[in-house]
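K.L.:
These are the residues of each chain, in order.
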Amino acid sequence: MKKNVLFFNFIVIFILPLFIISCSKDTSEVIDYSKEFENSFGGNLINAMAGEPSNLIAMIAGDSASSAIAGNIFNSLVKYDENLNYAPDLAESWKISNNQKTITFKLKNGLQWADGIPLTSADVLFTWKLITNPNTRTPYASDYQLVKKASTPDPLTFKVTYESSYAPALDTWTSLHILPKHILKDEDINNTFFSRKPTGSSFYKLDKWISGQQVTLKANNKSVLGVPLIEKLISRIIPDTSSQFLELTADNIDVMNINPIQYQRVFPARKDLQQKIALYKEMGNGYTYLGFNLKKPPFNDIRVRQALNYAIDKDEVIKGVLLGLGEPISSPYKPGTRWINPNLSPYPYKPSKALELLQEAGFKKNNDGILMKNGKPLKFEIITNQNKQREMTAVVIQKRLQDIGVDVSIRVIEWASFVNRFIKTGDFDVVVLGWSLSLDPDQYNIWHSSQQGPGQFNFLGYSNKNVDKLLELGREELNISKREKIYHKFSKYLLEDSPIIYLYAGYSLSAVHKRVKGIKKPAPPAGIYHNNYNWFIPKPLRRNEISER
Amino acid sequence: MSIFFKNPLALSGLIIILTILIAALVAPIIAPYDPNFININSILLPPSTNHLMGTDGLGRDVFSRMLYGAQISLLVGFVAVGIATLIGVILGSLAGFYRGWVDSLIMRFVDIMLSIPTFFLILAVIAFLTPSIWNIMIVIGLTSWMGVTRLVRAEFFSLRQREYVLAAETMGSNHFSIIIKHLLPNSLTPIIVSSVLGIASAVLVESGLSFLGLGVQAPTASWGNILTDGKEYIQFAWWLSLFPGLAILITVLGYNLLGEGLRDILDPKNKI
Amino acid sequence: MISYLIKRILWMIPMLIGISLVSFFIMHLAPGDVTSSEASFNPKASEESRQKLRELYNLDKPVIIQYGLWVKRIAQLDFGNSFASHQKPVLWERTDKSGNVTKGLIQESLPITLMINLLGICIIFSISIFLGTLSAVRQNTWVDRSITLFVFIGFAIPGFWLALLLMYWTGVSNQWLPISGLHSLGYQNLSNFDQFTDLLKHLILPVSISSLSGLAGISLYVRNGMLDILHQDFITTARSKGLKESKIVFIHALKNAILPLITIVGLSIPGLIGGSVIAESIFAIPGMGKLFYDSVLMRDFPVIMGILTIGSFLTLIGNLLADIGYAWADPRVRKGLVK
Chain A
1 MKKNVLFFNF
11 IVIFILPLFI
21 ISCSKDTSEV
31 IDYSKEFENS
41 FGGNLINAMA
51 GEPSNLIAMI
61 AGDSASSAIA
71 GNIFNSLVKY
81 DENLNYAPDL
91 AESWKISNNQ
101 KTITFKLKNG
111 LQWADGIPLT
121 SADVLFTWKL
131 ITNPNTRTPY
141 ASDYQLVKKA
151 STPDPLTFKV
161 TYESSYAPAL
171 DTWTSLHILP
181 KHILKDEDIN
191 NTFFSRKPTG
201 SSFYKLDKWI
211 SGQQVTLKAN
221 NKSVLGVPLI
231 EKLISRIIPD
241 TSSQFLELTA
251 DNIDVMNINP
261 IQYQRVFPAR
271 KDLQQKIALY
281 KEMGNGYTYL
291 GFNLKKPPFN
301 DIRVRQALNY
311 AIDKDEVIKG
321 VLLGLGEPIS
331 SPYKPGTRWI
341 NPNLSPYPYK
351 PSKALELLQE
361 AGFKKNNDGI
371 LMKNGKPLKF
381 EIITNQNKQR
391 EMTAVVIQKR
401 LQDIGVDVSI
411 RVIEWASFVN
421 RFIKTGDFDV
431 VVLGWSLSLD
441 PDQYNIWHSS
451 QQGPGQFNFL
461 GYSNKNVDKL
471 LELGREELNI
481 SKREKIYHKF
491 SKYLLEDSPI
501 IYLYAGYSLS
511 AVHKRVKGIK
521 KPAPPAGIYH
531 NNYNWFIPKP
541 LRRNEISER
Chain B
550 MSIFFKNPLA
560 LSGLIIILTI
570 LIAALVAPII
580 APYDPNFINI
590 NSILLPPSTN
600 HLMGTDGLGR
610 DVFSRMLYGA
620 QISLLVGFVA
630 VGIATLIGVI
640 LGSLAGFYRG
650 WVDSLIMRFV
660 DIMLSIPTFF
670 LILAVIAFLT
680 PSIWNIMIVI
690 GLTSWMGVTR
700 LVRAEFFSLR
710 QREYVLAAET
720 MGSNHFSIII
730 KHLLPNSLTP
740 IIVSSVLGIA
750 SAVLVESGLS
760 FLGLGVQAPT
770 ASWGNILTDG
780 KEYIQFAWWL
790 SLFPGLAILI
800 TVLGYNLLGE
810 GLRDILDPKN
820 KI
Chain C
822 MISYLIKRIL
832 WMIPMLIGIS
842 LVSFFIMHLA
852 PGDVTSSEAS
862 FNPKASEESR
872 QKLRELYNLD
882 KPVIIQYGLW
892 VKRIAQLDFG
902 NSFASHQKPV
912 LWERTDKSGN
922 VTKGLIQESL
932 PITLMINLLG
942 ICIIFSISIF
952 LGTLSAVRQN
962 TWVDRSITLF
972 VFIGFAIPGF
982 WLALLLMYWT
992 GVSNQWLPIS
1002 GLHSLGYQNL
1012 SNFDQFTDLL
1022 KHLILPVSIS
1032 SLSGLAGISL
1042 YVRNGMLDIL
1052 HQDFITTARS
1062 KGLKESKIVF
1072 IHALKNAILP
1082 LITIVGLSIP
1092 GLIGGSVIAE
1102 SIFAIPGMGK
1112 LFYDSVLMRD
1122 FPVIMGILTI
1132 GSFLTLIGNL
1142 LADIGYAWAD
1152 PRVRKGLVK
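As you go down the protein sequences, you meet chains A, B and C in turn. Read in our numbering, the first sequence has 459 at position 459, and its numbers run on one by one without any break. If you want our numbering, it's the position in the second sequence, counting the first as 1, plus 549. If you want our numbering, it's the position in the third sequence, counting the first as 1, plus 821.
This is chain A alone, in the form it adopts within the complex (with noise of 0.2 Å):
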């Protein structure tokens, strides 16, 4: 019957192709990643981003896409070691003045831009003025617009004076990307093609980027700091963290940030996995926090504050959340470096503790178990932004907090919300929050009673005239071990009147397919990446462009 043909034929049309295009399946042979290999230059090198860089001038693009690739792009005068103290990148040297206020760089012989042009200090004072040109829409004009006076003795030479010593002075130094100023002298900085189109002096320069797909960088021969060994570096956007982990499981990427369950809990149970990707674990850059809003009561009273401190167990938010994959802390700084106080530890978890001095501060608990003063209850509301960990965290402190009778509600809000409806505004009790943090232990805009604007980064209000002054000596000492003694005083204070809480450091993951090689193991302070142009994949193990059939 002709029905039956036509059924026939719908079959075959739809479901063969199905069975040819299956027939493309490569098999995988065991190969032994641990061998001896040479190392030599080729190969390609792909990772994952969950966003698409806006603009690879890292001054003007705010989004960490952007400066991910541009930072393999372009170099600034100074960058860190793997021990995280400075070292040359453009500059082979610099001094300090004696009145501590004036710096001189001396930049390395024969640099060049990936155009063949000199990279001169004429570039370096072109980008300077470029980013303190109120004309430009850069977010971080501030550090720069300190220098009181920038000129150039000579081509190699670059000499800046700021207004009184600035201790942060050569950190900031390390992140403003220098920019070429025979191409960039008659552009609009703000709209210039050349953000799509760099042309930088680092490592790799942009091969292709294939909007909403891919961003592929090629090595750049005129690298300043010599010729990288992986020839190719392409990152694919692939917003979605679990399809960038089934394409890591497909060998379709080679490197990415995991979460704590990945690493925990999945990787170990895959031996497949195992066998083809290495998985690292360092300290992250930054740290999550609980915040009080200083001005609002109860959160005045110190006593509450630091009551709630000993409320929280942090031991198991680290092992509910991270899975044990993070660290407590008592100083508002990296584990590790020499910031922390090695005096000071965290407050433990004591709710017992905790009621004694809610009861000081006129709490007491009633019939249902809820703490009262006054007749109202203990009750805020704890904000958080839309990221897994946060909320995480808050409902686990929030489950702690209600056995000890204080009521709390959460409330999750996207970000830019969060910050214009609340944070600005100062229309909030908690907030469970994290700081990036920078390598300098400068945190004047962070602590500094100052700093308390609208939109400045004291939104929780806190105002103390001992941390003033110590912030304020921090930011012109230049001798570090007098730095650290100011700063590990400083951590005192701030433990003490515990606006905030910490919560913990976590550690950043990461898993690398083993057939990159070169990788420093255990991590060095800096992290993995730090050496990153130094990795290299064996010719053997290389991923071909072309799928085979």
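No lab work stands behind these hints, which were simulated from the structure alone. All values derive from a computational prediction rather than experimental measurement. None of the hints are false.
Computed cross-link-like contacts, PhoX-like style, restricted to lysine-lysine with a CA-CA straight-line distance of at most 25 Å:
| # | chain 1 | residue 1 | chain 2 | residue 2 |
| --- | --- | --- | --- | --- |
| 1 | A | LYS520 | A | LYS232 |
| 2 | A | LYS181 | C | LYS918 |
| 3 | C | LYS924 | A | LYS218 |
| 4 | A | LYS271 | A | LYS517 |
| 5 | A | LYS319 | A | LYS399 |
| 6 | A | LYS482 | A | LYS79 |
| 7 | A | LYS208 | C | LYS1022 |
| 8 | A | LYS319 | A | LYS334 |
| 9 | C | LYS924 | A | LYS197 |
| 10 | A | LYS469 | A | LYS489 |
| 11 | A | LYS79 | A | LYS218 |
| 12 | A | LYS222 | A | LYS185 |
| 13 | C | LYS918 | A | LYS197 |
| 14 | A | LYS353 | A | LYS399 |
| 15 | C | LYS924 | A | LYS208 |
| 16 | A | LYS208 | C | LYS918 |
| 17 | C | LYS918 | A | LYS185 |
Once you've looked at the hints, dock chains B and C against the given chain A.
P.N.:
Then chains B and C, alone, in the frame of chain A:
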């Protein structure tokens, strides 16, 4: 009523809906755990006798969360459809009764709203307001009234010319009572059918929004946001993906079956 | 017919105005503005710098003026530049004095979404006609029942869940189908035919997800339509005249059932455009749905407005085409007998 039971579509739909409704209502009684009870020692456990549907990333019992999630899904469905139906009935009655420029104006507005891709509209509005269960209900309601409007208007057009309506008008009854007493009661069929189908669609939209993180917020459980967890741990915790998805599927299926079944039952009676 | 066409096209103008008003109104419900996500919560970015940014983007002017300025520009098809993807034009490419071309966001993403949706429509059309007809012809047999069941399930299944299941399945069986992106690595080195099959492989999952509910709905519609028609007098007449059954079904009956189908497919276009958000996000397809979702999270006003306007415009065009198709196909309208 016996006709109802003879129709397999309506019957199966009704059974499904009633089961879920009852489960949602007795959730506080039958849930074995507090849906917000965190246990860091039971993170991501597969289904077992202790935890019928396993546990999630914070050790919470998924079965209990599913039961409370049913409450959310149904609540959103009913309220959103309530709002949409209310708006649709009002606008549709006005358009169908008064015709003329009132009708043109209302129908132009309907056309405009229908031209903007609904999901985009909902996403944009929700993302700009703070995502919360009330905002979702209102927004879904405000973007799904167009169908009801058209249906009511069509019914009114055809009914308007009936003798009893004309008689009522000659007798001097005011417009409002004509609408309420004569026209609306006879237009109930499409309203009921579209409401039931509308609940199905509202449940789907709510779970989609929660999945994208723009719906019901933590720590409140919703089928959609349990699925978001499921996506995080997809290769590892299959139970977080399977059960909420099945629940959504079955609920939406139930409402669709009931709606289609009702359409079959009620239609022949009202066929002009 | 011409007068009908002209009337229809003129109608689109007030519609577009209405759409622009609704879109603009929605944007200004937002409490946040772009500078907050741009500068993020980075201690290195100070308030003065951000205020400068706000001024430069005209976010300080009153709302009415912003609307007026915006309408003036889109009338010239200038949708401005994206905030978040620094200065990329929203709609169409621009060339600067050195001949560098910056492509527009919608210019890049729309073709992809259109491709997925057109493929989807073709699939929906062909499969649903087939299923619906089969179901109607074999009414109340197991064929009909199972197709109806499939249809109902297809209607009820959440697209994002199906996407998850498919992701899981393909992830477990590795490399059977690509799960993200549009092209494989080294795509440029393949022959044209291989490039085509590579693209198809990448599209299978997202297209399946986004067309499933449309498929279900329309199959049901075709079934009901065919049932109605098959019971009508002219079919009985044809049968009694001795025409072959298949000819009756596929030529006479189907012709009549397809007409309203065109309108229905036209009506499902906004659903298809909007529905691509989830499929595109999960499978990393750089289409307009994903662009919209990202823009909404980033508060990228020009892009959001641009997509709402263009998306609605496309819907209007789609409906217009569907109406024209219907008018042409239905001889009564074509000959001006029925409006």
